[in-house]
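> As a plain string of letters, each chain reads:
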Amino acid sequence: MMKNVIEVRDLVVVRGSREVLPGISLDIGAGVAGLLGPSGCGKTTLMRCLVGAQRVRSGTVEVLGEPAGSPPLRTRVGYVTQAASVYDDLTVAENLAFFARVLGVDPGQVDEAVAAVGLDDHRSQVVGSLSGGQRSRVSLAVALLGTPDVLVLDEPTVGLDPVLRRDLWELFHRIAEGGAAVLVSSHVMDEAERSDRLLLMREGRIIADGSPEQIRERTGARDIEQAFLRLVEGQEEVA
Amino acid sequence: MNARITLAVAGRVLRQVRRDHRTLAMLLVVPCALISLLWWMFEDLDPDLFDRFGPGLLAMFPFIVMFLVTSVTTLRERSSGTLERLLTMPLGKLDFLLGYALAFGLLAAVQSALAVAVSVGLLGLEVQGPVWLLGVVAVADAVLGTALGLLVSAFATTEFQAVQFMPAFVLPQILLCGLFVPREAMPGVLEAISDVLPLSYAVDAMQVLVGAADTGEVWRDVTVVACFAVAALALGAATLRRRTP
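Here the protein sequences come in this chain order: A and B.
So the mapping is simple: this note's numbering equals the position in the first sequence, first residue as 1, plus 8.
So the mapping is simple: this note's numbering equals the position in the second sequence, first residue as 1, plus 814.
I should point out that these hints are in silico values taken from the structure, not numbers from a laboratory.
Don't take every hint at face value.
To be verified - Here are the in silico distance ranges between beta carbons for each label pair:
| hint | chain 1 | residue 1 | chain 2 | residue 2 | range |
| --- | --- | --- | --- | --- | --- |
| 1 | B | E857 | A | G140 | 51 to 57 Å |
| 2 | A | E74 | B | N816 | 15 to 21 Å |
| 3 | B | N816 | A | R63 | 22 to 28 Å |
| 4 | A | E74 | B | G1025 | 58 to 64 Å |
| 5 | A | S47 | B | R832 | 35 to 41 Å |
Glycine included, each C-beta is placed from N, C-alpha and C at the ideal position.
Given the sequences, and given the hints that come with them, work out the whole structure.
Printed below as a string of structure tokens:
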């Protein structure tokens, strides 16, 4: 049996006085997994846990069999934060060249990463002069350096035009076909259909987990938005 | 720690500064202009005063400028998410800190070389000790400024706050460093405080260098400044957390 790429057990995260993740457990394997839920539901916090950037109260997070954030994982996990996390005063190519040196990755990969996100024409442009969507693609290109085994992408498609969004999802699937696990978060429900596996999140809990078809069938909904609503209503009735 | 990563950080910081032409010009031209202003101000009064205040100014420039530049740039790294990203990569905290110290140390070396060239070459500042040692002192001051800037940026959440640390941290050091009132002549408490402030040693090093050919005391001062810088870097490293709340 294949071991899960990501294993989270009883994860509790408290920020300030608020329990953002009240004890979450989940497994994620290879393929493209979508993490969907409204803003503020804990998606970013969960993702920060996976890359070892979040202080946790209790529970364990393992990635590729190692504790999240441990040194062996630092070249194997690509991470895109919600902010672009690139240097606005450097060009696209300079940004990538810098991160490639930090990662110890062959400089030749810079061109591949730029091409993968479709920014060939902008490689010598200063990032600050790019549009918001282009900047987030620069950030994504950085995460692709070194062909990581796990990609953790926090809302990488927000605010992008539909064509670009489709292209990026195709890219995620291509990366996953190479054997990587790609976790993509979004608060836009219509993106759900593009993932192999779907995790619906609300108020720090996973309320549904399965393929988009499974979730629709289980709830009898015609789309994921409706499925989400039914799940929430069901929860509230129980409560 | 890893030399490749440290150099990558230093190279990137220098490239960012080079991109910013206005900042670069200010970094290099402003010290020269100010030292000329000082010379001009004392010109008709008593030219000896320039020899007294000039060295102090040469010690302050790299310290103040690098403090400001570093606290703002590292704050920007924290708020833009680049630091969080870097800390999920195989970057050691020391790589980050030393990269910055290296970049701004180099910049300070160029800045001081210009300011010293203007002071000694054009304005007739008489230096008894070796002139190159002025550069060494300036670089030590710059690294100190960088180290303190890195440290205080951890306690600022906005760029406004970061800039406020300049009057809070730097101005008292300027007042108490012995330039306005000789340290021996200060009230005992202030002299004691002055003794534990790094800028006092930086200014003292410059003044000794200009006044006497003996370099022993200069090296002692430089060592003290370097120790402060190392301590600030160590504390700065403690404020860089891979895991944040």
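> Could you say whether the range 58 to 64 Å given as a hint is met by the Cβ separation of E74(A) and G1025(B)?
Cβ of E74(A) to Cβ of G1025(B): about 60 Å, so the range 58 to 64 Å holds.
> May I ask you to test the hint 51 to 57 Å on the CB atoms belonging to E857(B) and G140(A)?
Since the Cβ atoms of E857(B) and G140(A) sit about 55 Å apart, the hinted range of 51 to 57 Å holds.
> Check the following: the C-beta atoms of S47(A) and R832(B) are separated by a distance inside 35 to 41 Å.
holds, 39 Å
> Okay, N816(B) versus R63(A) on CB: inside 22 to 28 Å?
holds, 25 Å
> At the C-beta level, are E74(A) and N816(B) separated by a distance inside 15 to 21 Å?
holds, 20 Å
In summary, this structure violates none of the numbered hints.
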